[in-house]
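*Asks:* Protein chains in written order, with my numbering: chain Z, 895 to 1113; chain A, 895 to 1113; chain D, 629 to 868; chain R, 629 to 868.
A few of these clues could be false.
As the list claims (entries may be wrong) - Cβ-Cβ distance ranges computed for the label pairs, FRET-style:
no., chain 1, residue 1, chain 2, residue 2, range
1, R, M629, A, I1109, 45 to 51 angstroms
2, A, T1048, D, D711, 23 to 29 angstroms
3, R, G827, A, N1113, 43 to 49 angstroms
4, Z, K1067, A, K940, 30 to 36 angstroms
5, R, K674, A, K940, 37 to 43 angstroms
6, D, D711, A, Y900, 55 to 61 angstroms
To be verified - Covered stretches of chain A (chain R as the covering partner; in silico rule of three or more C-beta atoms under 8 angstroms from a C-beta of chain R):
no., segment
7, 929-938
8, 944-952
9, 979-986
10, 1056-1067
What the hints contain is simulated information worked out from the structure, not anything from laboratory work. Yeah, the Cβ is synthetic: ideal placement off N, Cα and C, and Gly gets one too.
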Amino acid sequence: MSHTSYTVLTRDQIAERAAQDIPDGAYVNLGIGLPTKIAQYLPDDKDVFLHSENGLLAFGPPPAKGEEDPELINAGKEYVTMLDGGSFFHHGDSFAMMRGGHIDICVLGAFQVAANGDLANWSTGAEDAIPAVGGAMDLAVGAKKVFVMTNHITKEGEPKIVSELSYPVTGKKCVDRIYTDLCIIDVTDKGLVVTEMVDDLSFDELQGLTSAMLIDATN
Amino acid sequence: MSHTSYTVLTRDQIAERAAQDIPDGAYVNLGIGLPTKIAQYLPDDKDVFLHSENGLLAFGPPPAKGEEDPELINAGKEYVTMLDGGSFFHHGDSFAMMRGGHIDICVLGAFQVAANGDLANWSTGAEDAIPAVGGAMDLAVGAKKVFVMTNHITKEGEPKIVSELSYPVTGKKCVDRIYTDLCIIDVTDKGLVVTEMVDDLSFDELQGLTSAMLIDATN
Amino acid sequence: MINKADKGITDVLSQIKDGATIMIGGFGTAGQPAELIDGLINLGVKDLVIINNNAGNGDHGLAKLLQTGAVRKIICSFPRQSDSWVFDELYHAGKIELELVPQGNLACRIQAAGMGLGAVYTPTGFGTLLAEGKETRHIDGKDYVLEYPIKADFALIKANKGDRWGNLVYRKSARNFGPIMAMAADITIAQVSETVDLGELDPEYVITPGIFVQHVVQIQPTSTEPASDEYASTATTATA
Amino acid sequence: MINKADKGITDVLSQIKDGATIMIGGFGTAGQPAELIDGLINLGVKDLVIINNNAGNGDHGLAKLLQTGAVRKIICSFPRQSDSWVFDELYHAGKIELELVPQGNLACRIQAAGMGLGAVYTPTGFGTLLAEGKETRHIDGKDYVLEYPIKADFALIKANKGDRWGNLVYRKSARNFGPIMAMAADITIAQVSETVDLGELDPEYVITPGIFVQHVVQIQPTSTEPASDEYASTATTATA
């Protein structure tokens, strides 16, 4: 990837930006990996309720060293703590929260997002890979809003925001907004609408790094 | 109803007889009305777990006078108590116990039972009657064994054990055994098999009070 | 900071408009949110669809709501009771629509809504009048009826304790439909006997997690009388 | 008098025969009934179908069971993990069959079995490879896939406390699949850290009522080491 005039956001900066869009009182599921970072940037004056597939609501930050409990982990199998007002429940109720539209926002990673909001994040379709899906498909269809957090292009420089998926789909027309290291894109009926870009990046440059058609709404 | 030589069982005697067939460790739902009486005749040396549709397992006898709790009632809206080892749960789990085949035995009242085990106990089909079904249909299809407890004939002398139902069906081919004031009948693939009768009742007399064909297995 | 327990009954119920579909918890009077129902009566909305196991007892609570003529249709399993004269009269006069659902299918359809399922095949009711005209299927040796979810705009339920995040615990057989209705309604309003501080409810034993509850209204106990008069039955005594 | 806690692991597990379908609780190692799995390995049964969220970690527990070649097929949502080398090797060698199910559909299909439903329409997986060849339906503006119940002959789960009637409570995120698997299996065997007297578990807070549990086996804690070695990992230390 070569560019001269602009600076891409770090993973922390993307997380920090996405955190700003999570309202007080939201029930939120942060996908394994990059999205998990958002938790660090949620402001203290907001009550944001973090949900984890394995039966936690309102869990808190990692425990202090030595306080880890192997039976208190999140879906990413990281040690967590519980906030006052949190609760435990079984997998049936946990996925009812997701599938039943009770989670306000989920934030997922992506291999690809298509112009119509199709998401691919569970399989690259590689012949020899062992397939694994976890809760990704449930979150994609179940949350009221699906946000994606991803680098704008792959390490190899390939666009991740595409006209049509080439990887196997996780959920159809499910993505509402994409946070990348270059911009924020709303997935709308009219198409992919860019609402913010990093400084010194031109819309044409951004379009050049994107294989789906973008609409500029940054000004 | 006229007869000379035999004595019909009282409601309590039917209940007492049925209670003998409930094994230690059984999970049992006793339908509203007559079947409820069985609870009084369960032997103390057995652990029989009584289930109630409204979310009780292992409830106990009525409370002492003055100890009634309006929030501790069974499906018949009678005050009950809880045994040590009992539990409360919501209606979803309660009917999962029933529909999911976890209840070993339910005992229901009946308007009619047909030769093939069809049960009618929720509606007489009367034009002006307000229909009401409650949990009867769930118990009929869900319990591992469905026992019926009923008078052998109606107050008007009409047989209640019939070739085919004339009343609306509650559950198809669901009844396993019938306890009446005259006899005990097993519903089998071969037909209705009488296994016990009250003293001094002849099989022919019993058949005469029954509009389905009976098979005598009392000796 | 989220406080779901900061409003009184009148305020909370004012979101309910004519034509709303409303689940009401309770099995008979146990778990029936009497004060919320009284508040609903005071609100005076019309053309309601009510989902409850029964169709009211005596002249109070749900029966009183029916008596005001506010209810267009009721979905329930057992409307006929010794003291259901209010419903009986409306029904015979053709003034209320009844959808009779076997109790377990009622529970299951409410659960299906909460779980986000499109439909379920249930064995209950197969071959009966209550499945007439419904799609059926033979699966693995058994017959099933296709039943669709029952959702609601609002659920009015009664719990024992609640906190400002909406976590609830119930009391004995008053639990009944509360937890599953809370999951199936867009907006769940829970009346509680006690509002407790965050953290007082053990996370292991929260029965309804706050995600399913939008409002918690504490009802002030005003008498020690038993049974259905356990608490004052006017909405105006409510505090939050 | 019913005492579901009167047998040791070896005795209880001896009912399991070749070809059994077995649900195993746990999400990763949290809630994984390690001692029951070790007992199953010692039992030496073959041709098993295993239902678990994952396909084993490291060389112990479920992974060790797979390594013995006892498992014909696994139904799970997330077999690929950084330390799932045992499964990986078997899978690549074509020595194990995999049915991959989205986690929520896995939960829901287990629930459907416990609830006695014939099938459910679930939105999860619609239009994906994991729904290929499956029946779909458009209901009320949304697309659904028809999914069938997952039942089992046995469920092996881990709870925190249990009593002689089989009532269970769990601990934190070790609860996960335990309660729903207990409902979906013909015979549920729960290992617990503590067996308590009848009545010690508050009826309001029993998570799995005893009706869903056939055996309770207490595992003797033998060390204070953390994590996956919390308890001795040999079946022979079990007492009831």
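*Asks:* Now tell me if each hint is right for this structure.
*Replies:* Status of the hints after comparison with the structure:
As the Cβ distance of M629(R) to I1109(A) is approximately 37 angstroms, the hint placing it in 45 to 51 angstroms is violated. Distance hint check for T1048(A) and D711(D): the Cβ-Cβ separation is about 26 angstroms, which falls inside the suggested range of 23 to 29 angstroms. Take G827(R) and N1113(A): their Cβ atoms lie about 47 angstroms apart, and the range 43 to 49 angstroms holds. Separation of K1067(Z) from K940(A) is about 58 angstroms and departs from the stated range, judged on CB atoms against 30 to 36 angstroms.
Distance hint check: the CB atoms of K674(R) and K940(A) are about 39 angstroms apart, consistent with the given range 37 to 43 angstroms. Taking 55 to 61 angstroms as the suggested C-beta distance range, the pair D711(D) and Y900(A) does not conform, at roughly 40 angstroms. Residue count for the segment 929-938 of chain A with a Cβ under 8 angstroms from a Cβ of chain R: 0. That is fewer than the three needed, and the coverage hint is violated. Restraint check on the segment 944-952 of chain A versus chain R: 3 residues with Cβ-Cβ distances below 8 angstroms, three needed, restraint holds.
Here's how the segment 979-986 of chain A fares: 6 of its residues keep a CB closer than 8 angstroms to some CB of chain R, so the rule of at least three is met and the hint holds. Only residues whose C-beta sits within less than 8 angstroms of a C-beta in chain R count toward coverage, and the segment 1056-1067 of chain A has 0 of them, not enough to reach three; the restraint is violated.
Consistency note: the structure conflicts with the earlier hints numbered 1, 4, 6, 7, 10.
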